[in-house]
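**Q** Please build the complete structure, drawing on both the sequences and the hints.
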Amino acid sequence: VVNELIISGIFINKGVLNDLSNSYYALNSHLHNITAFENSLDSEGTTGKVITRLLQSIKREKSAKKILDKTIKNINLKAKIIIDEQVLNIKKMAQCLKNVLEDYKLKTPKIVSNIKKIRAGSNKQFIEELVKTYKDIFLLLKLMNNYVSINITMAEIEKKKAIVKE
Numbered sequence: 005v006v007n008e009l010i011i012s013g014i015f016i017n018k019g020v021l022n023d024l025s026n027s028y029y030a031l032n033s034h035l036h037n038i039t040a041f042e043n044s045l046d047s048e049g050t051t052g053k054v055i056t057r058l059l060q061s062i063k064r065e066k067s068a069k070k071i072l073d074k075t076i077k078n079i080n081l082k083a084k085i086i087i088d089e090q091v092l093n094i095k096k097m098a099q100c101l102k103n104v105l106e107d108y109k110l111k112t113p114k115i116v117s118n119i120k121k122i123r124a125g126s127n128k129q130f131i132e133e134l135v136k137t138y139k140d141i142f143l144l145l146k147l148m149n150n151y152v153s154i155n156i157t158m159a160e161i162e163k164k165k166a167i168v169k170e
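Numbering-wise, my numbering comes out as the position in the sequence shown, counting from 1, plus 4.
Bear in mind the hints are in silico, worked out from the structure with no lab data behind them.
Among the clues, some could well be false.
Below 25 Å or equal to it, Euclidean Cα-Cα: the simulated DMTMM-like pairs (lysine to aspartate or glutamate) are [to be verified]:
| hint | residue 1 | residue 2 |
| --- | --- | --- |
| 1 | LYS77 | GLU65 |
| 2 | LYS169 | ASP88 |
| 3 | LYS102 | GLU133 |
| 4 | LYS18 | GLU133 |
**A** See below:
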């Protein structure tokens with residue numbers, strides 16, 4: 005339904021369109037990022053091989069433990085970055101949907117000019133699906149807040165990325 009809104013909606017407010025489409029497509033491509041991260045941790049992956057080698061040499065080389073600790077910290081930080089980036093995208097999508105749904109209530113919409121005409125005869129169903137999608141995202145964010153901070157900013161993510169690159 006979000007993709008349908010992006011494709012069928014005539015957005016007066018291009019900022020909302022950009023935020024909505026960027027977050028939507030980033031979330032859709034996120035599976036690739038998780039898979040790549042997971043593959044690197046596999047015993048045959050680059051990071052997995054490094055960890056295996058370090059574990060085998062810990063008894064012989066004192067520096068191996070420090071390197072292993074740093075490697076594990078980097079892995080955890082990379083995982084946190086992946087989560088934080090997607091939390092940001094989920095929040096952005098939720099905010100955009102909320103704005104569009106509030107705009108729908110106006111006599112003359114200011115964000116999506118044709119919001120009351122999308123799916124023509126089935127517009128009510130379309131709006132109900134948008135509302136359900138927004139509620140589902142909202143509940144997901146509430147659930148995630150029990151396990152990770154959802155009050156993250158792009159600046160904080162960029163700081164973490166800089167640390168990983170060091």
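**Q** Hints first: check each against the structure and report whether it holds.
**A** Right, here's what the structure says about each hint:
1. Taking the CA atoms of LYS77 and GLU65, the gap is near 19 Å; set against the 25 Å cutoff, the hint holds.
2. At roughly 17 Å between alpha-carbon atoms, LYS169 and ASP88 fall within 25 Å of each other, so this suggested pair holds.
3. For the suggested pair LYS102 and GLU133, the alpha carbons sit about 13 Å apart, so the restraint of at most 25 Å is met.
4. Between LYS18 and GLU133 the alpha-carbon distance is near 22 Å, which keeps this suggested pair within the 25 Å criterion.
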